[in-house]
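Work out the full structure, taking the sequences as your base and the hints as a guide.
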Amino acid sequence: MNFVILMKQVPDTDEVKMDHERGVMIRDGVGSIVNPLDLNALEAAMRIRGGGDSVTVVSMGPPRAEESLRECLALGADRAVLATDAAFAGGDSWATSKVLAAVIKKIGVPDIIIAGEKATDGETGQVGPEVAALLGCPVATRVTGLKKFSDGIEVACTLEDGILTQRLGVPCLVTVLSDINTLPLPTLSGKKRAYSLGVETLSARDIGIGEGEAGLTASPTRVVRITTPRVTRHTEKFLAKHSDELEAGLDRIIDILTDAAII
Amino acid sequence: MKGISSDGVLVLGETKCSGAVSDTVYELSAKARALADSLKSSAGRRHDVNVIMMLDEKNASEADLGRIGQYGADAVAVVRGDGLPFDRAKCAKILALLAKKARPQILLASATAFGRSVMPYAAALLGTGLTADCTGLEIEEDRGLLLQTRPAIGGNVMAVIKTPNHRPQMATVRPGTFGIPEPVRGRTAKVMEPEMPYIDDSVRASSFEPFNACRAALHERDAIVSGGKGLRRAEGFELISRLAETVGAGVGASRPVVEMKWIGYPHQVGLSGQAVSPKVYIAAGISGTVQHLAGMSSSGKIVSINRDPEAPIFKVSDVAICGDLYEVIPMLIERIEKRKRGARDDG
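So the protein lines, in turn, are chains A and B. The first sequence begins at 0 in numbering that gives the first Met the number 0 and counts up one residue at a time. The second sequence begins at 0 in numbering that gives the first Met the number 0 and counts up one residue at a time.
Mixed in with the good hints there might be a few duds.
As the list claims (entries may be wrong) - Partial selection, computed: residues in chain A whose CB lies under 10 angstroms from chain B:
1) S96
2) G161
3) P185
4) H233
As the list claims (entries may be wrong) - According to the in silico footprint, chain A covers these stretches of chain B (three or more CB under 8 angstroms from chain A):
5) 152-163
6) 196-204
Note that these hints are calculated values from the structure, not bench results. Heads up, the beta-carbon is just placed ideally off N, CA and C, and yes, glycines get one too.
Okay, here's the thing in structure tokens:
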């Protein structure tokens, strides 16, 4: 059983600061990390892979995404492939999925494709199902349990209101939540291994993507504008240590619950 | 296809755990009606609102489905199959087929586990754009395009997105964003079963184990009471649950306490959990990280209880109580119970 892991390099969100005047993210000096759920995706493959199975990590991004792919190699992946081309820049989830699907077809469709449920920067959670559609394979999202089952896999998905257990044939694509496993720490031997393996890169031409078929120009969606949400709430603050303020505050909560017909 | 040929608005509906039509279907049908009316005013004729329901063999009765009409739908197309709603790829293939025939300008679904897996799959099959987890939808005046607003960068900014040249314009909508209007009694939607070609199952077997005998999921709740690190111990959730029960609310949580296993992942609100938009959100012992705020700041009213006077959650709150939640919440519960008894005595 062979695996492809879809990985995205994202800004380290714990370091994200906002320029509130302009409503944009301050990227200067912010580090990049592997999207955390993609590490869970990789670990999920490491845990069920057999001795002869291969695990390939695929990413689309700028050249510096190589660092993040090296990190995946250090964690046990056998191969890392980076689709990088100026033509890919600014793509929405559909344009990105087209590139990732083309890479997977180029390197060979594996049995199982695993991705994080969503990335911490775009947070659309759409690329997984879109890649599955472009490859014409089944999909399961929000997976928190994964095991081999005869010639396929059995997954447990944590939905809003219960656990869905499904059996999927291969090839298939699943997206995982962090509950699926706990992450191992990188080891020195892993880092050495990553150094010796190296990252392969593919351009638009390498995967048969023509001019205007990827990136911003090929994206059906367009960002019209970015606005900073106005603070529309007028906060009434009550200090509980003053009993009259606390009483008044509790009264306000009762009003709110009554107005909303909750009680 | 007979019935739902329209260039209006199409809604992909879903059922609750119990098999009944989900409240989000009423919410989206009403919003779809409003959008279709805006399209009409720009093009001078009426556009239909149609709903597609993928149902398990026994889910949702015809009367239940017809009632969607009270919220603005003209017709409801029903596709049934054993375990169909759980076969996401098959649902997406059916949706794409129906959308190709009906040629809607707009296709909407809720940003639930169902909507967020079926919609992107279908969008890729249709080769069109999809905007995730929208908290605002309106029709652009000059060109009649759908303006889709969604929180971005952890909810710090709102991005307005459109799909200028591809159809349908697709969006998933955060449940609870628009609320459910009063039904128009006497209206009913035509229920039909469109002819479908044979489509293979994409999954072999599915079984579903509901949490707590189908108790309403977080996104279906009108009120949510959430706890965070300020609870200081796992047992604190007993108090949170008591308050939640008193007001009939769902129980939410911030990421750190889910990671510490004080409560399960389905309760997690925020960027890496669920985005919710209830009428009232009560945050107890939650400081309000960017990640948490992104998942709840669109709620109707926000109440927060925190010991730290500088807690960021206070800035997005309507009512902020600065104090120890272990003192404040029992008093609040008592006050609500007294109020409920009073209301009963009056009635």
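Hints, one by one, checked against the model:
no. : hint    : result
1   : S96     : 6 angstroms, holds
2   : G161    : 4 angstroms, holds
3   : P185    : 20 angstroms, violated
4   : H233    : 7 angstroms, holds
5   : 152-163 : holds (count 12)
6   : 196-204 : holds (count 4)
Hint 3 from the list above is the single one not met by this structure.
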